[in-house]
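**Q** Here's the letter readout for the chains.
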Amino acid sequence: MANFQVNMTEEKKAFHVGIIFKYIICIFLCLLSLFPFWVLFVNSTLQSDTIIKGLHMLPGGNFFTNYKGLLAKSQLTNTVSLGQGMLNSIIITVPSTILQVYFACLTAYGVTVYDFKLKKFAWAFIYAIMMIPTQVSIVGLINVCKLTGMYGTRLPLILPAIAAPTTVYFMKQYMEASFPVEIVSAARIDGAGEFRTFNSIALPIMKPAMATQAIFGFVASWNNLYTPSIILATKANKGTMPMFVEALKSNDKQRDFGQIYCGLFISVLPIMVAYFILSKYIVAGVALGGVKE
Amino acid sequence: MQKRKTVEYGKYGYFFILPFFIIFLIFQFYPLISTFWTSFDVIEKTGRNNETLVRGFGNFSKFVFTKDSEIWKSLGVTVLLWLSNFAPQILFSLLLAAWFTNQHAKLKGQGAYKVIMYMPNIITAATIAVLFFNLFAQTGPLGQIFTKINLNKGWWSFAIIAFIQFWMWYGNTMIVLIAGIMGISPSLYEAAMVDGANGWQQFRMITIPLLKPILQFTMVTSAIGGLQMYDIPQLFNKGDPQIVTASGASFFSTKTVVMVIKQYIIGTSANLGRASAYSVMLFFVTLVVSMIFYKATSEKKSK
Chain A
1 MANFQVNMTE EKKAFHVGII FKYIICIFLC LLSLFPFWVL FVNSTLQSDT
51 IIKGLHMLPG GNFFTNYKGL LAKSQLTNTV SLGQGMLNSI IITVPSTILQ
101 VYFACLTAYG VTVYDFKLKK FAWAFIYAIM MIPTQVSIVG LINVCKLTGM
151 YGTRLPLILP AIAAPTTVYF MKQYMEASFP VEIVSAARID GAGEFRTFNS
201 IALPIMKPAM ATQAIFGFVA SWNNLYTPSI ILATKANKGT MPMFVEALKS
251 NDKQRDFGQI YCGLFISVLP IMVAYFILSK YIVAGVALGG VKE
Chain B
294 MQKRKTVEYG KYGYFFILPF FIIFLIFQFY PLISTFWTSF DVIEKTGRNN
344 ETLVRGFGNF SKFVFTKDSE IWKSLGVTVL LWLSNFAPQI LFSLLLAAWF
394 TNQHAKLKGQ GAYKVIMYMP NIITAATIAV LFFNLFAQTG PLGQIFTKIN
444 LNKGWWSFAI IAFIQFWMWY GNTMIVLIAG IMGISPSLYE AAMVDGANGW
494 QQFRMITIPL LKPILQFTMV TSAIGGLQMY DIPQLFNKGD PQIVTASGAS
544 FFSTKTVVMV IKQYIIGTSA NLGRASAYSV MLFFVTLVVS MIFYKATSEK
594 KSK
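Just so you know, the protein sequences line up as chains A and B, in that order.
Counting from 1, position 236 in the first sequence corresponds to residue 236 in the numbering used here; the numbering is continuous, with no gaps.
Counting from 1, position 65 in the second sequence corresponds to residue 358 in the numbering used here; the numbering is continuous, with no gaps.
Note that these hints are calculated values from the structure, not bench results.
Ideal Cβ positions, reconstructed from N, Cα and C, are used throughout, including at glycine.
Computed Cβ-Cβ distance ranges for the label pairs, DEER-style:
1. A:16 <-> B:438: 31 to 39 Å
2. A:148 <-> B:358: 31 to 39 Å
3. B:366 <-> A:278: 36 to 44 Å
4. A:274 <-> B:477: 30 to 38 Å
5. A:19 <-> B:456: 24 to 32 Å
6. B:366 <-> A:149: 31 to 39 Å
Calculated lysine-lysine pairs in the DSS-like style (CA-CA distance at most 30 Å, straight line):
7. A:22 <-> B:401
8. B:399 <-> A:280
9. B:505 <-> A:120
10. A:53 <-> B:441
11. A:146 <-> B:338
12. B:399 <-> A:22
13. A:119 <-> B:588
14. A:117 <-> B:304
15. A:117 <-> B:588
16. B:355 <-> A:146
17. B:505 <-> A:280
18. A:120 <-> B:304
19. B:304 <-> A:119
20. B:401 <-> A:280
Given these sequences and hints, build the entire structure.
**A** Written out as structure tokens, the structure is:
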């Protein structure tokens, strides 16, 4: 009996050590996630001279001076300014997200609700092209844009969102699980047209899936550097937020670190705020496997 | 009865999927064909300052299938960068997923851990690259603490880029794996416990085999994404000419395939034919990796 008790306490001890170790690792990884962004915030509020002296953990009061300096500098260097970059990113990201989500629903609805000859082929096709990365056909995209006069415009960054196979794939999965197809025949009996049925009956049911996919579509478009930096290479005034960050890095011979950190901080601020508001949905969306770039 | 009804309306299906396919043809299919076509545009020098465009396999014979081709070197770099972030990424993700799903020792605050660990994944990669560069530069706050880190040496840049990729993606993989483990029937674990299997045995004999399809999926999507790696290495050290010369020649260069392609698309050395030939090569490499994916998923379906 005594022996048994000794065993129990030893086991408990081992158990405690194990769980403390797990907590330490988890908290360490969380700090690792937050630390760079905290330094980013702190340094955006300090003067350049202070920043190069070492690591600082407490914010200062130089944020607005850095901000104003940054605005003045982008006027001098003929690159996209912070405000302009933000606005340009919104002009591209908002319509592309709306198109992506709407048309993904439309396409998924088409291959779920209707029976037509090429249905199986269409679905197999959408499934097959999911993995083709856009980067490999960038030269051809330039050719298309030059051919159609879209080079240097925002259209090639917005319109392709209509054909987003991954989004269609997840919309279809959601639809199969939670959209009762019988509703469609019921609506027909009531005399509703096909597109009206889609817009006023199917779309509301798809709302949760649309919200999740909209978040990921928005983030992917907002963070995209490669395609915009090629399509809009000659149009500094149309530069997006990541292009502003790129300019921040490369064009600056006389570096003011306060301004660099300030620009970087403002570039992540909107996404970070949105993330902490929507994090519940985002983590749930990732769990569905919805975001592999 | 119901089937007959859907047949009547079947043709509407075409209208619903039409926009997708039109846009796909214009912005993805045609560009792909056009890239293949352009890869046969060869610039030939006909005099000191004269160049003409001829059609042929010149780009492939001169730039792709030659010794010391920069594209194969950059492919090596890309694969190595991917491997050195994916290996620790999958190990950490698996370990954390196992901890988080352990029914006997529930960790408190899981929701918060997930949210915070996933966060770097959603932040603009361009910003993260510039941020880390500034942190680890010699005058940067971390560069001054870890004085051994010298970004002018290629392999330090390489290591930090691999770390950034790991740091950005392990949270994502962890959440996917947690969802996978939650999908495994609890009765399997109960039966194993009755048979006296310990935690490690359960993990090895139940979790890993049943998680295999998800692990394969994660690996191949990560590999395809990894092959297109651009933002982080580009903004981490490409902007600094000093570092490019220091690391350009060494084994630990951080110039990825897409960075090489971009170099021939825009700028003084623009040569769309050459860029296309490299893109075609990247396409086929990606295709081979995708085939592995389809093999993996068809195995999943047959189970």
